[in-house]
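> Sequence:
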Amino acid sequence: MNTTDGVGDLLKPLLDASLASIIEEVCFSTLSRVSASRLRASAIPHIGQIELVDSTAFQHEYSRLYTANFSGHEREHPSHICERLEDQFAGRREGFAPYYIIGIRDADGTAIAAAQFSVLLPDSTRDVIPYLQYIYVRPQNRAQLLSEVLHTLVLAVAVAVTFARRDDSQLPHVPFTICETQPEALERSKIHSKSGSQALMLKRRADGRILSAHIQPGLEPEDPPTTLVWLLRRCPGSESSSCSDELGRALVAAYFDSLREEGIPGKNVDEAESILEARYEQDCMFCQIPLSDVSRDMYVGIDP
Numbered sequence: 079m080n081t082t083d084g085v086g087d088l089l090k091p092l093l094d095a096s097l098a099s100i101i102e103e104v105c106f107s108t109l110s111r112v113s114a115s116r117l118r119a120s121a122i123p124h125i126g127q128i129e130l131v132d133s134t135a136f137q138h139e140y141s142r143l144y145t146a147n148f149s150g151h152e153r154e155h156p157s158h159i160c161e162r163l164e165d166q167f168a169g170r171r172e173g174f175a176p177y178y179i180i181g182i183r184d185a186d187g188t189a190i191a192a193a194q195f196s197v198l199l200p201d202s203t204r205d206v207i208p209y210l211q212y213i214y215v216r217p218q219n220r221a222q223l224l225s226e227v228l229h230t231l232v233l234a235v236a237v238a239v240t241f242a243r244r245d246d247s248q249l250p251h252v253p254f255t256i257c258e259t260q261p262e263a264l265e266r267s268k269i270h271s272k273s274g275s276q277a278l279m280l281k282r283r284a285d286g287r288i289l290s291a292h293i294q295p296g297l298e299p300e301d302p303p304t305t306l307v308w309l310l311r312r313c314p315g316s317e318s319s320s321c322s323d324e325l326g327r328a329l330v331a332a333y334f335d336s337l338r339e340e341g342i343p344g345k346n347v348d349e350a351e352s353i354l355e356a357r358y359e360q361d362c363m364f365c366q367i368p369l370s371d372v373s374r375d376m377y378v379g380i381d382p
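Using the working numbering, you'd call the opening residue of the sequence shown number 79 and step up by one each time.
Please note that the accuracy of each hint is not assured.
Taking CB as the label site, the calculated pair distances span [claimed, not checked]:
#1 Pro-382 - Ser-99: 49 to 55 Å
#2 Met-363 - Asp-201: 27 to 33 Å
#3 Glu-102 - Gly-344: 15 to 21 Å
#4 Thr-188 - Arg-283: 48 to 54 Å
#5 Ser-373 - Thr-82: 20 to 26 Å
#6 Ala-146 - Arg-283: 40 to 46 Å
#7 Pro-302 - Arg-220: 27 to 33 Å
In case anyone wonders, no lab produced these hints; they're calculated from the structure. Please read these numbers as outputs of a predicted model, since none were measured by experiment. The C-beta atom is built at its ideal place from N, Cα and C for all residues, glycine as well.
Can you make the complete structure from the sequences, with help from the hints?
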């Protein structure tokens with residue numbers, strides 16, 4: 079263990095064997111927005127174990143917390159998540175974007191927080207982008223920096239699994255984490271703004287109009303596509319957190335590919351991708367703006 083890794087010194091003893099085997103060589107302090115002293119005071123007293131969640135644990139422990147935090151079209155059916163976890167743990171997702179859930183239990187063994195994410199590898203770049211699909215914390219634990227612990231561990235897994243898959247010694251570049259939000263979800267938006275997140279948008283070259291760069295396909299066969307907003311959360315220590323037009327397009331393509339791999343209905347993914355392609359055809363380029371600058375006309379009624 080790196081003796082200068084203060085955050086790692088706190089968190090690594092709490093990892094279960096499966097998670098430790100993946101990230102034990104990663105320096106956590108370089109990936110954390112929060113100091114070791116703050117974590118020691120606020121988060122550590124409430125953590126009994128941090129684990130790599132398998133399908134059984136998700137079904138019986140974490141799914142209740144998940145469904146309590148998300149509803150409607152934004153929530154994937156828990157049975158689909160269980161199937162994906164079974165395939166990931168059995169090694170049946172070789173060549174696909176890695177998919178994981180990191181969970182936190184308290185001293186009594188109760189599931190109190192989790193992050194569900196995949197690791198996107200956009201073509202033609204050395205960039206590695208964690209796609210944070212869902213992050214949730216039990217209400218009574220929301221002032222304890224557990225979400226910051228989860229963000230740090232998501233980055234650690236992204237670095238570790240990608241480095242293990244490379245055939246050279248060059249470290250992968252993790253510029254930011256992406257997640258998505260419904261702009262009208264004001265409380266979530268405030269949380270994202272406080273973390274320094276920016277909105278990843280499209281800008282029309284002709285008139286400067288800003289449009290959402292994100293369409294979420296219907297997660298179930300009959301669900302419609304939904305325009306959401308991409309958020310970029312800068313990775314601590316990253317040499318750059320900007321998203322060029324080239325990276326933006328590669329990132330979105332990798333996102334749609336990962337959804338197909340995860341079993342989201344193919345026709346729904348194709349529909350969402352075609353809507354976004356139509357936005358591209360308006361001579362748009364990717365840009366970043368403060369989340370507080372996102373307005374309703376950027377994501378409502380923007381498609382023919």
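> Any hints this thing doesn't respect? Which numbers, in order?
Going through the list in order, the structure violates hints 2, 3 and 5 and respects the others.
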